[in-house]
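Colleague: Sequence:
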Amino acid sequence: MDVELHVVAVDGTTAKLSWRKLEPREKSLIDGITIKYRLTTDPFDKWITTPMIHRDVNEYTLRDLRSGLSYVVDLILRPAESLQTQLLSAKPVTIEMPARPNEFDFVPSIDVSPESYRTMIKLRGLPRPTDKYVNVVKVNFREANSEGLENKMVHMFKTPSEDGTVIVDGLRPNNRYKAWMDLYLANGATLSTNTVTFNTKEDLKPVINENRDDDPSANEAEALKESSSGEAIKPYYIALMIVAIFAIITGIGFVTLLCVLMKTKTCAKAAITRAPSEAAYDNPTYKTYDGEKPGEEPMKNGSATGKHQKNINSTHAE
1 MDVELHVVAV DGTTAKLSWR KLEPREKSLI DGITIKYRLT TDPFDKWITT PMIHRDVNEY
61 TLRDLRSGLS YVVDLILRPA ESLQTQLLSA KPVTIEMPAR PNEFDFVPSI DVSPESYRTM
121 IKLRGLPRPT DKYVNVVKVN FREANSEGLE NKMVHMFKTP SEDGTVIVDG LRPNNRYKAW
181 MDLYLANGAT LSTNTVTFNT KEDLKPVINE NRDDDPSANE AEALKESSSG EAIKPYYIAL
241 MIVAIFAIIT GIGFVTLLCV LMKTKTCAKA AITRAPSEAA YDNPTYKTYD GEKPGEEPMK
301 NGSATGKHQK NINSTHAE
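When we follow the UniProt record's numbering, the leftmost residue of the sequence shown carries the number 1, and every step to the right adds one.
Keep in mind that the hints were calculated from the coordinates and are not lab data. Model, not experiment: these values are computed from the prediction. Any given hint could be a false lead.
Said to hold, decoys possible - Label pairs and their calculated CB-CB ranges: (1) S109 <-> D169: 19 to 25 Å; (2) R20 <-> T49: 39 to 45 Å; (3) E23 <-> R66: 31 to 37 Å; (4) A186 <-> I48: 28 to 34 Å; (5) F44 <-> K21: 55 to 61 Å; (6) K21 <-> T190: 52 to 58 Å; (7) V107 <-> L69: 58 to 64 Å; (8) R118 <-> Y236: 18 to 24 Å; (9) V107 <-> R20: 14 to 20 Å; (10) K138 <-> P98: 33 to 39 Å; (11) L261 <-> Y236: 36 to 42 Å; (12) R128 <-> M241: 58 to 64 Å; (13) R128 <-> D169: 23 to 29 Å; (14) T159 <-> S70: 18 to 24 Å.
Claimed, not checked - Distance condition first, Cα-Cα at most 25 Å in a straight line; then the derived SDA-like pairs of lysine to any residue: (15) K138 <-> L191; (16) K178 <-> A189; (17) K132 <-> D111; (18) K132 <-> N187; (19) K132 <-> G188; (20) K158 <-> K201; (21) K46 <-> S28; (22) K178 <-> D111; (23) K27 <-> F44; (24) K122 <-> L191; (25) K201 <-> I242; (26) K178 <-> V136; (27) K16 <-> H54; (28) K16 <-> P92; (29) K122 <-> E96; (30) K122 <-> R142; (31) K178 <-> N199; (32) K263 <-> Y236; (33) K263 <-> G251; (34) K132 <-> S116; (35) K122 <-> R176; (36) K36 <-> L65; (37) K46 <-> K91; (38) K138 <-> H155; (39) K46 <-> S18; (40) K201 <-> N187.
Every residue, glycine too, gets a C-beta built ideally from N, C-alpha and C.
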C-alpha cells in the first residue's frame, strides 16, 4: 500500500513525517499505524519502532536523531483482528539529517590601538559571550628593526574581557612590532588570528620652560595657583586651631574637676579607731576596759584570806 510518506528534517536531531489520510475502506482494514526507522548503515533487521498511533492520524515527529547521518523511515500498518492478511507500506523513505552547526566554527581577527608603552588589541569575529567560547589567549609579538630583522618572540597569556579586548604592556616607544594571537577554545581546539604590524607612539615628555622668570604670564599663573592653594588650605588650619583650643579647655576642666573631687574625698574621712590617751598609761587606776582590772584578783583573794584567818583566831581565843 502506497501511503505517500514524506519526511522533512526540522533540525539536526528532529524530523517530521506526514502521509496521506486513509480511505474509509482502508480504515476498516487497518487498526493502527507504527513508524519504524533505522540508520542506513545498520543491519536490515535493526529497526526502532514507535508506539502504535491511531489510524486517523497522518503526521508524526521523530526526535533524538543523530545529526549528520542518514535514516530509513517506513510505516507498519497494523491490520484489524478479523483480517488475516498483513499490509505493508510500498515505499520507505531515506532522509539525510543535517549536521549540527559548529558553534566554534568562526574566524577571529585582531585590531590594534598602539600607545607609547602599550597597545590595546581588539578581537573581532568572536561570538558572544566571549568567555563561553574562549578560555585564554596567547599573545605573540616581537620587535622588528628598520632592516626587517626580527628579534626574540615574546609570549603572554591573557584572559580577554567581555568585549574581547586585551592590553599588552611593556612595549618601547617609537618601535615597530608584529603581533598575533592564539585562542584556546572551550572545546579544546586552538585558533590563530591574523598577523598585524604596528608602530608604538613616541614618548612625549612635558618640556620644562627654564625662562619662567622672564614670562609675566607664567609668573601670574604661578602666583594665582599659589594664592588659590593658600585660600584652599586656610579653612583647614582655622578648623584645626578650633579643635586644638577645645581640646585644651576640656583638659583643663578635667584636671580641675579631678582636684576638687580629691579634696572632697580627703575632708570626708573619719577616724575608725580612737587614739590612745597618755593618761591610760600613767595612771594605773584609769580604766580603759570593761570588767575588773586584771592582776587585782589575787590581791583581793589574799586580803579575804587574811580576814578569814583573823576571825578564826578570834573565835578560838574566846
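Colleague: Could one say that the CB atoms of R20 and T49 fall in the range 39 to 45 Å?
Modeller: Hint violated: Cβ distance 21 Å, outside 39 to 45 Å.
Colleague: Given the hinted pair K122 and E96, is their Cα-Cα distance within 25 Å?
Modeller: With Cα atoms ~40 Å apart, K122 and E96 exceed 25 Å; violated.
Colleague: Has the hinted range 58 to 64 Å been met by the Cβ atoms of R128 and M241?
Modeller: Since the Cβ atoms of R128 and M241 sit about 60 Å apart, the hinted range of 58 to 64 Å holds.
Colleague: That 19 to 25 Å hint for S109 and D169 (C-beta), does it hold up?
Modeller: 22 Å, holds
Colleague: Holds or violated: K122 and R176, Cα atoms, limit 25 Å.
Modeller: It holds: about 18 Å lies between the C-alpha atoms, which stays within 25 Å.
Colleague: Does the beta carbon distance between R118 and Y236 stay inside 18 to 24 Å, or does it fall outside?
Modeller: For R118 and Y236 the Cβ distance comes to about 39 Å; the hint is violated.
Colleague: Would you check the hint for K138 and H155, treating anything up to 25 Å between C-alpha atoms as holding?
Modeller: 6 Å, holds
Colleague: Would you mind confirming whether the straight-line C-alpha gap from K138 to L191 stays at or under 25 Å?
Modeller: 10 Å, holds
Colleague: Keeping to a limit of 25 Å between CA atoms, is the pair of K178 and V136 held or broken?
Modeller: Roughly 20 Å separates the two Cα atoms, so the pair holds.
Colleague: Look at the Cβ atoms of V107 and L69 and judge whether their distance stays inside 58 to 64 Å.
Modeller: Hint violated: Cβ distance 27 Å, outside 58 to 64 Å.
Colleague: Can you confirm whether the C-alpha distance between K132 and G188 stays at or below 25 Å?
Modeller: 12 Å, holds
Colleague: Indicate whether the distance between the beta carbons of T159 and S70 respects the range 18 to 24 Å.
Modeller: 42 Å, violated
When held up to the earlier numbered hints, the structure conflicts with 2, 5, 7, 8, 9, 14, 21, 23, 25, 29, 32, 34, 40 and fits the remainder.
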